[in-house]
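*Asks:* What follows is each chain in one-letter form.
There are 2 protein chains.
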Amino acid sequence: MNSDNKTESTKERLFTAGAELFAEKGFDSVSVREICKAAGTSMNMIHHYYDNKQGLLDAIVDTFAENVFAFPIRLLSKDVQNEAEFISRLELFFEETLNALIENRLPLLVVQKHQTKSTAMSNLLGKFVQFVAKAQNNGFVQTDIEPELMSGFLMDRLATQVLYAPLIAEYSGYDLIGDPDYRARWVQSNLKLFLYGLVKR
Amino acid sequence: MNSDNKTESTKERLFTAGAELFAEKGFDSVSVREICKAAGTSMNMIHHYYDNKQGLLDAIVDTFAENVFAFPIRLLSKDVQNEAEFISRLELFFEETLNALIENRLPLLVVQKHQTKSTAMSNLLGKFVQFVAKAQNNGFVQTDIEPELMSGFLMDRLATQVLYAPLIAEYSGYDLIGDPDYRARWVQSNLKLFLYGLVKR
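If you're matching them up, the sequences are chains A and B in order.
First residue of the first sequence: 1, per our numbering; consecutive thereafter.
First residue of the second sequence: 1, per our numbering; consecutive thereafter.
Take the hints with a grain of salt, since some may be wrong.
Chain copies aren't distinguished; within one or between two, either way the pair holds.
Said to hold, decoys possible - Straight-line distance between alpha carbons at most 25 Å, and here's what the computed BS3-like set of lysine-lysine pairs gives:
1. K134 <-> K78
2. K200 <-> K78
3. K134 <-> K11
4. K11 <-> K53
5. K200 <-> K127
6. K192 <-> K127
7. K117 <-> K53
8. K113 <-> K11
9. K25 <-> K117
10. K53 <-> K113
11. K117 <-> K127
12. K25 <-> K11
13. K78 <-> K127
14. K53 <-> K37
15. K11 <-> K37
16. K192 <-> K53
For the record, the hints were derived by calculation from the structure and aren't laboratory data.
With these hints in hand, go ahead and build the complete structure from the sequences.
*Replies:* Listed below in structure tokens is the structure:
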């Protein structure tokens with residue numbers, strides 16, 4: 001039991017140290033030795049758990065994709081019956097994806113820094129396109145928007161806001177990560193804009 | 001005349017080499033020597049034109065801000081008289097800012113990589129907030145959106161799309177930078193979404 005805990009924790013420490021260093025300096029500028037030192041472990045351990053530095057980066061990217069994209073993908077895969085359900089599904093998608101991005105901000109920084117191709121991200125955007133296209137067919141989404149061309153609108157907004165949250169907090173005093181009331185207001189304003197547009201009906 | 005041209009061109013080569021290296025490796029991982037070598041000049045020249053490495057980075061960020069934000073700031077500072085003018089002003093803002101970001105993609109990569117505070121960017125977002133708030137007062141923008149909380153919506157969308165354009169082109173075959181027809185369709189779908197929302201009226 002103790003041994004298991006220790007094993008888990010070494011692996012986790014390598015994961016976190018790798019994510020911190022990749023996010024700060026970039027993959028190419030970080031050595032295996034540096035990661036192991038930051039994790040307080042010997043060099044053998046990274047080979048044991050992740051094969052090599054690339055394996056560690058892959059694990060960080062994969063874990064991020066699983067933690068952030070898996071639930072939204074399931075959410076957008078299920079059919080909706082009417083406009084109210086469509087809207088509440090999008091609300092849930094927006095709130096839960098924001099929360100997941102905030103909880104996984106460090107791997108998000110790594111993903112952003114390395115601009116890696118992400119199958120999970122493509123998969124999510126594909127599901128989003130299908131979700132919107134179906135709603136167009138069912139008559140409650142306007143048809144003069146091409147779903148393929150706006151599929152990134154919400155993800156861009158969420159990811160950028162989470163990435164820049166500390167800088168925005170420093171500037172404006174509004175802290176998306178630490179202030180739940182502000183986060184709720186932010187979600188409401190941005191969702192209303194996305195659903196109903198800027199111009200008065 | 002020839003001498004002037006040569007002077008200009010050395011300065012520009014340093015600017016471009018600095019932007020390329022900062023974008024690729026980050027400020028801290030690039031040496032003055034490396035930039036000068038890439039620019040095909042001696043080390044004295046960077047001191048001559050930009051004082052030091054920080055001066056070169058500042059020049060890149062300032063030039064980016066001037067090239068990308070100055071026109072949109074002027075555009076949003078002028079009053080609009082009615083809804084039609086409001087909409088056409090936003091269209092112009094969206095198209096021209098996209099074009100400027102595409103033309104300044106290399107400095108955009110530098111700015112993104114270093115997450116520097118940008119007075120010009122804050123200034124633009126502030127103008128945008130005022131522009132939308134005035135339109136709310138004039139009755140053609142819906143009032144249940146807080147302008148401060150959605151001011152980054154269009155800039156996020158534009159900047160992310162330009163940053164990832166080569167990756168998106170590789171994935172999907174759609175090239176925002178090289179294909180003017182696609183760019184026009186992309187602008188139309190995203191503007192319509194921003195102005196009128198997803199849900200059918």
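*Asks:* Are any of the numbered hints broken by this structure? If so, which, sorted upward?
*Replies:* Structure breaks hints 3 and 16.
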